[in-house]
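Here the protein sequences come in this chain order: A and B. The opening position of the first sequence corresponds to residue 1060 in my numbering, with each subsequent residue numbered one higher. The opening position of the second sequence corresponds to residue 63 in my numbering, with each subsequent residue numbered one higher.
Honestly, I wouldn't trust all of these hints.
Said to hold, decoys possible - Calculated pairs, SDA-like style, for lysine to any residue (alpha carbon to alpha carbon, straight line, at most 20 Å):
1. B/584 / B/548
2. A/1246 / B/109
3. A/1242 / B/595
4. A/1242 / B/109
5. A/1234 / A/1246
6. B/584 / B/600
7. B/491 / A/1194
Stated by the list, open to error - Selected chain B positions facing chain A (Cβ under 7 Å, derived; list incomplete):
8. 78
9. 107
10. 121
11. 136
Claimed, not checked - These stretches of chain B come out as covered by chain A in the derived footprint (C-beta under 8 Å, 3 or more residues):
12. 122–134
13. 552–562
Bear in mind the hints are in silico, worked out from the structure with no lab data behind them. Every residue, glycine too, gets a C-beta built ideally from N, C-alpha and C.
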Amino acid sequence: MMSVVTRISMEQRAPGQSDLGLMKLVANGDTRAQRVLAHRLAGRVQRVAHRLLSQRADADDAAQMALIEILRSAESFRDESTIERWADRITVRTALRYARDQRKRPWMLGSRVDAETVRSMDDDSIVHEDTPRRLDAYLGELPEVRREVLVLKHGLGYTTEEIAELLGAPIGTVKDRLVAARKQIRKLIVRELRVGARSQKDEP
Amino acid sequence: MSDLDAELRRYAALSDRLALDEQLAPDEHAFLERMRQRDEACRLEAELIDSLGDLDGPPTEATRALVEAALAGVNGPAKVSQLSARPAPRRAAAGSSRRWLAIGGSLAVAAVALLLVTRARDGKRGGDVGERIELVYLSGQISVGGKPVSSSSQLLREGDVLAVERGSACIAMDPEIDVCASSGTRLQLTNTRTAARRLDLLHGKVAVQLAPQPEGHKLSIVSEGVWSTAIGTAFTVQRGEDRGVQTTVLNGKVRVGETDAQSKLVAAHQRARVARGAGARQPEVAAISRSDESPEWAMLGPAKLWNAAVAATLEIAGAPAGAYVTLDGQSIGIAPLSTLVPVGVHRVEVRVGSEAMWSGQVALAAGERQKISLEGVEISAKSVAPVVTTEAPAFEPQPTKTATRAKMASATRPSPKRSSSELLREAHKLLRDGERDAAASKYGELMREYPASAEARSSLLSLAELELEHLGNAAAALQLADRYLAGGAGTLAPEARETRVRALRSLGRRGEERAAIEEYLKAYPESLRGPSLEKRLAELNGSSKRE
Chain A
1060 MMSVVTRISM EQRAPGQSDL GLMKLVANGD TRAQRVLAHR LAGRVQRVAH RLLSQRADAD
1120 DAAQMALIEI LRSAESFRDE STIERWADRI TVRTALRYAR DQRKRPWMLG SRVDAETVRS
1180 MDDDSIVHED TPRRLDAYLG ELPEVRREVL VLKHGLGYTT EEIAELLGAP IGTVKDRLVA
1240 ARKQIRKLIV RELRVGARSQ KDEP
Chain B
63 MSDLDAELRR YAALSDRLAL DEQLAPDEHA FLERMRQRDE ACRLEAELID SLGDLDGPPT
123 EATRALVEAA LAGVNGPAKV SQLSARPAPR RAAAGSSRRW LAIGGSLAVA AVALLLVTRA
183 RDGKRGGDVG ERIELVYLSG QISVGGKPVS SSSQLLREGD VLAVERGSAC IAMDPEIDVC
243 ASSGTRLQLT NTRTAARRLD LLHGKVAVQL APQPEGHKLS IVSEGVWSTA IGTAFTVQRG
303 EDRGVQTTVL NGKVRVGETD AQSKLVAAHQ RARVARGAGA RQPEVAAISR SDESPEWAML
363 GPAKLWNAAV AATLEIAGAP AGAYVTLDGQ SIGIAPLSTL VPVGVHRVEV RVGSEAMWSG
423 QVALAAGERQ KISLEGVEIS AKSVAPVVTT EAPAFEPQPT KTATRAKMAS ATRPSPKRSS
483 SELLREAHKL LRDGERDAAA SKYGELMREY PASAEARSSL LSLAELELEH LGNAAAALQL
543 ADRYLAGGAG TLAPEARETR VRALRSLGRR GEERAAIEEY LKAYPESLRG PSLEKRLAEL
603 NGSSKRE
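Using the sequences and the accompanying hints, generate a full structural model.
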């Protein structure tokens, strides 16, 4: 009998039942099914992590942790949403947890290097492979808390209530951050259109 | 407030309300749509927000690496962690999650060794592979098939012979194989279409770095009948006139020998030597020191130039023999040079001995090829401008690495008929690209041709930015900002006031700077720059009290 994995090719996936079948195989430790699932989700996981986290190395680590978590959590998939949507939630939680842990690290407290310095130190940061250059540049200008809210809202389509729950923050705070992020993006666009690109080391 | 300002404010308020899950009336939706069609800033904002949701795309090499690493993480050490097997000095200094990656890497190396032992040398298990071999880096005098080559980003074919007369050259093969050849090397691409790829080292020395290959795939460097075979590692092979063939393993393990029976598995930090002469030629294996390894790794140094996902080509021509080139302070080879580099703004310097022949900033867009010709530039005459030519990205039926990457960005070409707004856009682009002199000239042209236009007025501030940020002329910047403000209220008044503040700070006119900040904060109390200006004001007030 043809296995479920054989039937589910990367390009032609049957929705619903096949997804559930794939996830059952993954949960049972079928290595081929794991590979199929990993290939299907890896790009998306990477992009979500890169949108959420400003440092490329952090995003790479978070993406790897998230994909491992997804493969290990296949048993919890209930077919109530798509695999992608289910995986998004795991990726978001993993990336946010990672970001929180990074912020708590003692060497960061009180000595957080400003964003521009970090960017100049990170020779990989010139371009993030999975992010369009313009988007990446704008996201890079946002403080991480605003960036998170913006990505969760507009990138992943969560409601403000869901974001508040994910971040463990009051709804009002989430709304404030979202509006502030949008305002900052707006200002950056207007500035670029009016004056041309300029150094961000221009804090008076 | 102008009508447009009022509309922009309404647009911002409505789109924020929408973002906060509020319901809008149909006419409000229609207004948003109209503004996106009419106003560039609104359109860009909407596009940017939409692009946040673009989460699907074709798999990349990084995606495949992530898959392997995650599978290794789930199933334990039996799988190869591609992320950690590649040399990655940046990651080595990071946190705890990277430590387990390093452990995974060690286990992965063991797995690579196990796989190597079980593989047959002829590679019959593997089928055809997608062939893309690209000459990505040329530094010095290089030829392919006996013909001199001066530009990188060329695809090579099976059977080609790469010869490095002077300098070095590197080729990239899919998937994730980098091969760099040093001066005096001749390398034949003997078999590149099957899973058992073979390159023959006819003379000289090559350094190889390859990510763990797909199942059944491997790469062999063959020299004087000695095979150095690997599936995921970094190593060098040198064919010496008197020393026979020497294989130095930097990472992972490599099988070395004439036949399977005589071969040995050589581990990282070991060197195998197969002497010349008849009879049984068993490899002699010995450990090497870190200092012995360093020159071998150095051969692979250029690899970081083309491993960025989005790249452009930089060429340096016309420099005298012996001139070497630095990119952002790092030496990247000798001239003539042609290499892929990450896109962005780079500081390039051409030096002859201790003398800087030319230095400047170059801005490279994805897929762009920029050639800096130093013909006629004297070593002592840095003021002579080199000829810089730029080619737009080329989209060819069979794309090179550069052209493929170029799809990630688009280039805009100037229109022959230029209105004031077109001139302004061109000037802005030049500024963004780091072409400051050209940008200044374009702003000047705009002010001459359309002196009464709004664009000419906004150019005052662009020029002020140039003077202040790049030319270090704060006095001129202050003058330009004042000229803008003297023209009455304008949409760029906040920027003009802010430029004044920075110019005054640069000039050390603290009293005036304080007054300028106070004016700014009074005029724009909700500005995003408010907190940093308040901080600066507190500093100024604190220091004045101490004084």
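Status of the hints after comparison with the structure:
no. : hint            : result
1   : B/584 / B/548   : 18 Å, holds
2   : A/1246 / B/109  : 15 Å, holds
3   : A/1242 / B/595  : 19 Å, holds
4   : A/1242 / B/109  : 15 Å, holds
5   : A/1234 / A/1246 : 18 Å, holds
6   : B/584 / B/600   : 15 Å, holds
7   : B/491 / A/1194  : 17 Å, holds
8   : 78              : 5 Å, holds
9   : 107             : 6 Å, holds
10  : 121             : 6 Å, holds
11  : 136             : 5 Å, holds
12  : 122–134         : holds (count 9)
13  : 552–562         : holds (count 4)
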